[in-house]
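Enquirer: Spelled out from the first residue to the last, the chains are:
There are 2 protein chains.
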Amino acid sequence: MSMQDYLKGEACILTGGLLDTIHAKTTHGLLRQSDRFQIKAVIDHKFAGQNVQDVLSNIHADVPIYESIEKMLEAGVVPTFAIIGMATKGGVLPPSLYPEIKDSLQSSIHVINGLHQPISEIDEFKEIMAENKVQIHDIRKPKPFEQLHFWNGKIREVEALKLGILGTDCSIGKRTTAKLLVKALNQSGIKAEMIYTGQTGWLQGTKYGFIFDATPNDFIPGEIEHAIHECWLHERPEVIIVEGQASLLNPGGPCGSEFVISGKLDGVFLQHHPIREKYNNLEKLPDTIADPMIDVGMINMMGSDVWAFTLNTAGMNEALIAHHTELLEGKTGLPIVAPLEHGVGVLVKMIKQKLEAADHSMSKAAEVKNV
Amino acid sequence: MSMQDYLKGEACILTGGLLDTIHAKTTHGLLRQSDRFQIKAVIDHKFAGQNVQDVLSNIHADVPIYESIEKMLEAGVVPTFAIIGMATKGGVLPPSLYPEIKDSLQSSIHVINGLHQPISEIDEFKEIMAENKVQIHDIRKPKPFEQLHFWNGKIREVEALKLGILGTDCSIGKRTTAKLLVKALNQSGIKAEMIYTGQTGWLQGTKYGFIFDATPNDFIPGEIEHAIHECWLHERPEVIIVEGQASLLNPGGPCGSEFVISGKLDGVFLQHHPIREKYNNLEKLPDTIADPMIDVGMINMMGSDVWAFTLNTAGMNEALIAHHTELLEGKTGLPIVAPLEHGVGVLVKMIKQKLEAADHSMSKAAEVKNV
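Chains as they are written, first to last, in this note's numbering: chain A, 431 to 801; chain B, 431 to 801.
Among these hints, one or two may not hold up.
Identical copies look the same in the list; a pair holds intra-copy or inter-copy alike.
Within a straight-line C-alpha distance of at most 35 Å, the following computed DSBU-like cross-link-like pairs (lysine-lysine) qualify [as the list claims (entries may be wrong)]:
{"#": "1", "residue 1": "K519", "residue 2": "K584"}
{"#": "2", "residue 1": "K708", "residue 2": "K501"}
{"#": "3", "residue 1": "K694", "residue 2": "K782"}
{"#": "4", "residue 1": "K584", "residue 2": "K563"}
{"#": "5", "residue 1": "K784", "residue 2": "K476"}
{"#": "6", "residue 1": "K761", "residue 2": "K476"}
{"#": "7", "residue 1": "K782", "residue 2": "K476"}
{"#": "8", "residue 1": "K779", "residue 2": "K571"}
{"#": "9", "residue 1": "K571", "residue 2": "K532"}
{"#": "10", "residue 1": "K584", "residue 2": "K708"}
{"#": "11", "residue 1": "K694", "residue 2": "K519"}
{"#": "12", "residue 1": "K761", "residue 2": "K584"}
None of these hints come from the bench; they were simulated from the model.
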């Protein structure tokens, strides 16, 4: 149902020296889970010779790292795709990656590009593509008009519990928490599905969703509604978890109301990084991350509720996590959960109770009707 | 500086029987003001033979209405452009307009299309374009990547007072109020500029701005910032008025935080239609327009303030306007202004006072420094 669904197979990931940084969060996501591509190698000169699990904590994949496409091929690893696995300032392909892209194309490896820049339009690559009958797929290009949807209210037909993972900043772990929660719900016997809204979700092979930031603004409410509705129609889950994007108050990309209002979310889990003071990528500016109570207040005004906070704990030890959990709990009166350290059992329990309460009120209503 | 700036000249407008409806708001805007195109005719079979000022109240343009392109040409009116001047459900060209588009192209009249559907890609038109060496310009196509901007904080360099006209619904008169306010400010000796954010603003020839709903989401904050910054750099106005889009709580298109947060607005005027209960184009759904105090609260949470309400008074007589003015004033404690009936003098006065207060505090600061 989503675009370019035929793109599937073995892949390597290009991280250009950034594997251990937040800029490679797409790669980290792919190493955690990948249903569309089987990840066979990472190309990163800085960590060549190591395995990704040696470089990245919290990642258990067994994937070798090579210095270059050439070295990977010499080692007998011949994937079908090379995925650009990091974000860059301005979404532009850095010159340092040109050789790896060219080597990929010349070795008949298709390139998957999630940067904003449509690199299939670069003349130098066009020639090599034609010569080698190989393609660059720019997955962040806006979908054509005929494939886009306007909002029309059909979201009301969806009977699943609709929950969003929003955050107080971008690159803060919303997708990871969403994935963990969906997995935990299914393991506990509650049928749950995820709606992806970022390129990583598409790359990971999540079935329902769209790429939020590449969608012309007018179609975002309709695309959210359509993705949730399609998921409901075809899967009939009890719970639908919507991956949020950016944050409500980030000046570089304020968003979130579309999920809450157009997706008519029943509740929100708010991902927060207690020791982060400045917005990601805007560290040099005076803007500081807003008090998370403002996010809570705005979500209330939009007609939904924050059910709990989920924590990004990068750079925090157990003592600091405990300290900030207590602090935030006192301030917000809400449950505070650190998913990577302590799992999402608390959230699963909350959701189970809501589902039971809804069932209960439905059977009550049925009883009343039958009297 | 904006796209396709070479498109200028005499034009007719196609309204397909909708001239007197809210769907033709682009046309109404063009008839009120048009610096890019000189409007020579309207093509609308329903009102053929009349003049637009007979059909539309509050519009003083002297423009004849013809039944068809053919009839217009017979009358000796030969414009360079035909502008599609109405919105349609789903942004798709209605079949009833095909003959007028074909007649335009066959008469070597270029077509300006502001619908979402890129009609230059329709095969039938492609042939006629090629034969007649004439073009269709789809102005709502997203700009190419190289012309888009990311937000980077340069908005802080702008020393003008930055004010936004937001609204409680779409199609509620935000652009009209913005235009009136800019005009009144300039007439009162305060240098003011407008930032357009809709296609009508571009069509009207407003110099600074971008088409919000055709912009891929990730670039919206940067495009807002860039438009305001460019305006400041080149014009050095005292006041910049930003045209808002849709409304904060409309499920079919929640937006506005981008203007307030990324545009760092000093204040907001909130356009409201007191007798409108349902969102425009979503009248059949249960959703009702939110209490405007929620908009006020959200704008506060974003770090700005609503300074006054401006009213859309369609379908209201003076008595009803007075009634709702009193009601809303009591509820909000804010000034309530009906721009079309009573002008925007009250707003100009507020702005003047703010500018004087800022001047005063600046000279105070200078005094302190000089002591």
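Enquirer: Now look at each hint and say whether the structure bears it out.
Expert: Hint check:
1. Within a single copy, K519 and K584 get their C-alpha atoms only as close as 38 Å, which misses the 35 Å cut-off; across copies the closest is 16 Å, which meets it.
2. Within a single copy, K708 and K501 get their C-alpha atoms no closer than 39 Å, and across copies no closer than 63 Å, so neither meets the 35 Å cut-off.
3. Taking the shortest alpha-carbon separations for K694 and K782, only the intra-copy value of 20 Å comes in at or below 35 Å, while the best inter-copy value is 42 Å.
4. When the C-alpha separation of K584 and K563 is checked against a cutoff of 35 Å, the pair qualifies neither within a copy, at 43 Å, nor between copies, at 44 Å.
5. Proximity of K784 and K476 under a CA criterion of 35 Å is satisfied in neither setting, with 48 Å inside one chain copy and 55 Å between copies.
6. For a Cα distance limit of 35 Å, the shortest separation of K761 from K476 qualifies neither inside one copy, at 43 Å, nor across copies, at 63 Å.
7. Taking CA atoms no more than 35 Å apart as the test, K782 paired with K476 passes in neither setting, with 45 Å inside one copy and 59 Å between copies.
8. Taking the closest pair of Cα atoms, K779 and K571 never come within 35 Å of each other, the shortest separation being 39 Å inside a single copy and 46 Å across copies.
9. Taking the shortest alpha-carbon separations for K571 and K532, both the intra-copy value of 21 Å and the inter-copy value of 31 Å come in at or below 35 Å.
10. Taking the shortest alpha-carbon separations for K584 and K708, only the inter-copy value of 17 Å comes in at or below 35 Å, while the best intra-copy value is 38 Å.
11. With identical chains, the CA atoms of K694 and K519 are at most 35 Å apart both within one copy (33 Å) and between copies (22 Å).
12. When the C-alpha separation of K761 and K584 is checked against a cutoff of 35 Å, the pair qualifies only between copies, where the shortest distance is 34 Å, while the shortest distance within a copy is 37 Å.
In summary, the numbered hints that this structure violates are 2, 4, 5, 6, 7, 8.
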